[in-house]
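Novice: Please take these sequences and the hints and turn them into a complete structure.
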Amino acid sequence: MPWFSRSKDKMPAEKKEDIWVRCSACNAHVYKEEWFANLSVCPKCGYHGRLTCDQRLELLLDPGSFTELNASICPNDPLNFVDGKGRYAEKISATIEETGLRESVKTGYGKINAMPVAVAVMDFRFFGGSLGSGTGEKILRAANYAYDFDLPYIIVSASGGARMQEGMYSLMQMAKTCAGIARLNEKKLPYISVLTDPTAGGVSASYAMMGDVNMSEPGALIAFAGRRVIEQTIKQKLPKNFQTAEYLLEHGFLDLIVLRHEMKDRIHQILTYYRAGRTFRN
Amino acid sequence: MDLEFEKTIIDIESKIAELQKLSAENKLDLSVQIRELKKRAQAYKERVYDGLTAWQRLQVARHPQRPVLQDFISMMFSGFVELHGDRGIADDRALIGGFATLGDYRVVLVGHNKGKTAEENAERNFGMAKPEGYRKALRLFKLAEKWNLPIITFIDTAGAYPGLEAEERGQAEAIAHNLTEMARIQVPIVTLVSGEGGSGGAIGIGVGDVVLMLTNAVYSVISPEGCASILWRDAEHAPEAAEALKITAKSLLEMGVIDEIVTEPAGGAHRDPTQTAEEVRKALQKHLAVLCAKSVPVLLEERFRKYSGMGRFDS
Ligand SMILES: [Zn+2]
Chain Y
1 MPWFSRSKDK
11 MPAEKKEDIW
21 VRCSACNAHV
31 YKEEWFANLS
41 VCPKCGYHGR
51 LTCDQRLELL
61 LDPGSFTELN
71 ASICPNDPLN
81 FVDGKGRYAE
91 KISATIEETG
101 LRESVKTGYG
111 KINAMPVAVA
121 VMDFRFFGGS
131 LGSGTGEKIL
141 RAANYAYDFD
151 LPYIIVSASG
161 GARMQEGMYS
171 LMQMAKTCAG
181 IARLNEKKLP
191 YISVLTDPTA
201 GGVSASYAMM
211 GDVNMSEPGA
221 LIAFAGRRVI
231 EQTIKQKLPK
241 NFQTAEYLLE
251 HGFLDLIVLR
261 HEMKDRIHQI
271 LTYYRAGRTF
281 RN
Chain G
1001 MDLEFEKTII
1011 DIESKIAELQ
1021 KLSAENKLDL
1031 SVQIRELKKR
1041 AQAYKERVYD
1051 GLTAWQRLQV
1061 ARHPQRPVLQ
1071 DFISMMFSGF
1081 VELHGDRGIA
1091 DDRALIGGFA
1101 TLGDYRVVLV
1111 GHNKGKTAEE
1121 NAERNFGMAK
1131 PEGYRKALRL
1141 FKLAEKWNLP
1151 IITFIDTAGA
1161 YPGLEAEERG
1171 QAEAIAHNLT
1181 EMARIQVPIV
1191 TLVSGEGGSG
1201 GAIGIGVGDV
1211 VLMLTNAVYS
1221 VISPEGCASI
1231 LWRDAEHAPE
1241 AAEALKITAK
1251 SLLEMGVIDE
1261 IVTEPAGGAH
1271 RDPTQTAEEV
1281 RKALQKHLAV
1291 LCAKSVPVLL
1301 EERFRKYSGM
1311 GRFDS
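Residue numbers (this note's numbering), protein chains in the order written: chain Y, 1 to 282; chain G, 1001 to 1315.
Treat the hints with care, since some could be wrong.
[To be verified] Straight-line alpha carbon distances no greater than 25 Å define the calculated DSS-like cross-link-like pairs of lysine-lysine that follow:
#1 Lys-1282/G to Lys-187/Y
#2 Lys-1294/G to Lys-1282/G
#3 Lys-1146/G to Lys-187/Y
#4 Lys-1306/G to Lys-1282/G
#5 Lys-1038/G to Lys-1015/G
#6 Lys-187/Y to Lys-1038/G
#7 Lys-1116/G to Lys-1045/G
#8 Lys-1045/G to Lys-1015/G
#9 Lys-1294/G to Lys-187/Y
#10 Lys-188/Y to Lys-1306/G
#11 Lys-1142/G to Lys-1286/G
#12 Lys-1142/G to Lys-188/Y
#13 Lys-111/Y to Lys-187/Y
#14 Lys-1038/G to Lys-188/Y
#15 Lys-44/Y to Lys-264/Y
[Said to hold, decoys possible] Residues on chain G that point at chain Y, a partial pick, calculated with CB under 7 Å:
#16 Glu-1167
#17 Glu-1168
#18 Ala-1176
#19 Gly-1200
#20 Cys-1227
#21 Leu-1245
#22 Leu-1291
#23 Ala-1293
#24 Asp-1314
[As the list claims (entries may be wrong)] Computed footprint of chain Y on chain G; a stretch qualifies when at least three of its residues, placed anywhere within it, have a C-beta under 8 Å from a C-beta of chain Y:
#25 1119–1125
#26 1276–1285
#27 1303–1313
Worth flagging that the hints you see were computed from the coordinates, not collected in a lab. Only a predicted model underlies this, so the values are computations on that prediction, with no experimental measurement involved. Where a beta carbon is used, it is the ideal one built from N, C-alpha and C, also for glycine.
Specialist: Structure below.
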């Protein structure tokens, strides 16, 4: 079935110009310095631009508290996949070179306002944040780390869905990552899912939707099937806010939409309730 | 529907039918000629079906005469009691389930409900389930767990339904929920991919302790047509995409994604549904016997390890 597909007009908003960033929502030109000082949120219209995993980690964790785990994991082209545009193996090398990342997720542990947590943060630049074998492996291992050390787990998703170049191994990551989440549930450990722009296909249909608390940012695209596929299927126009964070909140699939600069404190606040429950019960 | 590569098989088969008719009408003994032709047909079927490409197998998996869940229910199971509805919004006809008996085993059976006629498919939405279908499946899995009955799931869908109400009612959440719950359901789960295994809509009922596939079934992360239109920018390249995606039972067994292939008769399940059902029955009973002998902690630990081991990467 057709997962979310990337189209040209959905590419990252910020054009790499020298001193200006053009907001892809309102077309305003904003000084680069101002744009990044504002956490890649447009000061004119409030559009939340995409972040790299490092920017996201800096935003969420106490300075210097992050320790990365399983950093060496990377894709190895298990299907010897060749498509109309070339070999997956070659694209892997090029993407690693270009992004400095080795997979579409960075995982590890750190602190949120001094509270220890396990984290996984996806990065859309690496194959559209798609769910490769290595992605699923790192997300599972971080879940197991949370399980072993009794830590809250936070996953920040940013993904177009499955990684077609890894075929059924990619689909199986959905079951694999959810198995990790299921064990956290058994141990009553908290899992907070942050669905950022975009979270689609196989990622939205696995761990991203399974948070004890599901949160998102204003305007984020969250979808199962792609908009065009649905339009072709039902042959009618879709509502304007279809598949936005606001639409999902309205239909009951998100707990809250949080402004980016409030996100760290909000996650911390929520986790204090978990901690209170633990203390009270013991 | 006649498939291109089946033309010669169909020719030989109609010649056999002709000879049989001739021999009956004229009281001629043509048994030698008929036997000879049948042998030729068998050899030819085996040769053709051994050499099918991934794209050709996909056509067999989608064949309108291929046995669907309702056929398997009437051929293999007895005492089927269908249980309807997700107790929330609707009874999705695209995905059905209930109590069923297979030999000595009382089970909960859940599967995609493709039809064979236009009317059936209109009612059953071609086996493409909505969130309420996946939620009904989950309700039945939890019932099986409560009553301590093993679960059998049959996968045969092009995918979860991509529509407005499906998104609105949380297709993603429904599938995610099933994956998470199935990981820890405390009864054995045996899954058979009987026809098309279409992506998230397939795995949404597919987290089995044992996953079986019929010889000509396919299982794919995306339809070859969809993959071709994204990665080749042209759906015409679907046959190449089918090959590249490694969607056949044989490839997936080699990859460790499935556990066993259930052999279809030469010429495909649509030529001999009875024999196909017999092979499926034997395989299901064999695996139920093994799984039902395991303690719950062992079962869950092995399931966790099975899915933890999925995927290939460098480290
Ligand atoms: Zn703006």
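Novice: Less than 7 Å between beta-carbons is the criterion; does Gly-1200/G satisfy it with respect to chain Y?
Specialist: It holds, given that the least Cβ distance between Gly-1200/G and chain Y is near 5 Å, below 7 Å.
Novice: Given the hinted pair Lys-1294/G and Lys-187/Y, is their alpha-carbon gap at most 25 Å?
Specialist: Given pair Lys-1294/G, Lys-187/Y holds - Cα atoms ~23 Å apart, limit 25 Å.
Novice: When the nearest CB of chain Y is found for Leu-1291/G, is that gap smaller than 7 Å?
Specialist: Since chain Y brings no Cβ nearer than about 17 Å to Leu-1291/G, farther than 7 Å, the hint is violated.
Novice: Would the hint linking Lys-188/Y and Lys-1306/G be met if the CA-CA limit is 25 Å?
Specialist: holds, 23 Å
Novice: Taking only the CA atoms, is the gap from Lys-1038/G to Lys-188/Y under or equal to 25 Å?
Specialist: violated, 63 Å
Novice: Tell me if Glu-1167/G is really an interface residue toward chain Y, meaning its C-beta lies closer than 7 Å to one of theirs.
Specialist: At 6 Å from the nearest chain Y Cβ, Glu-1167/G passes the 7 Å test, so the hint holds.
Novice: So, as I understand it, the hint says Ala-1176/G touches chain Y; can you test that by seeing if any CB pair is closer than 7 Å?
Specialist: holds, 4 Å
Novice: Are the Cα atoms of Lys-1282/G and Lys-187/Y separated by 25 Å or less?
Specialist: violated, 38 Å
Novice: Checking one constraint from the list: CA of Lys-187/Y to CA of Lys-1038/G, max 25 Å. Satisfied?
Specialist: Violated: Lys-187/Y and Lys-1038/G sit about 62 Å apart, past 25 Å.
Novice: Is the hint on Asp-1314/G kept, meaning its closest Cβ partner in chain Y is under 7 Å away?
Specialist: Holds: closest Cβ of chain Y sits about 4 Å from Asp-1314/G, inside 7 Å.
Novice: Could you grab the alpha-carbon distance between Lys-111/Y and Lys-187/Y and see if it respects the 25 Å cut-off?
Specialist: Given pair Lys-111/Y, Lys-187/Y holds - Cα atoms ~21 Å apart, limit 25 Å.
Novice: Can the hint on Glu-1168/G be confirmed by a CB-to-CB distance to chain Y that is less than 7 Å?
Specialist: holds, 5 Å
Checked against the numbered hints listed earlier, the structure breaks hints 1, 6, 14, 22, 23, 25 and 26; every other hint is satisfied.
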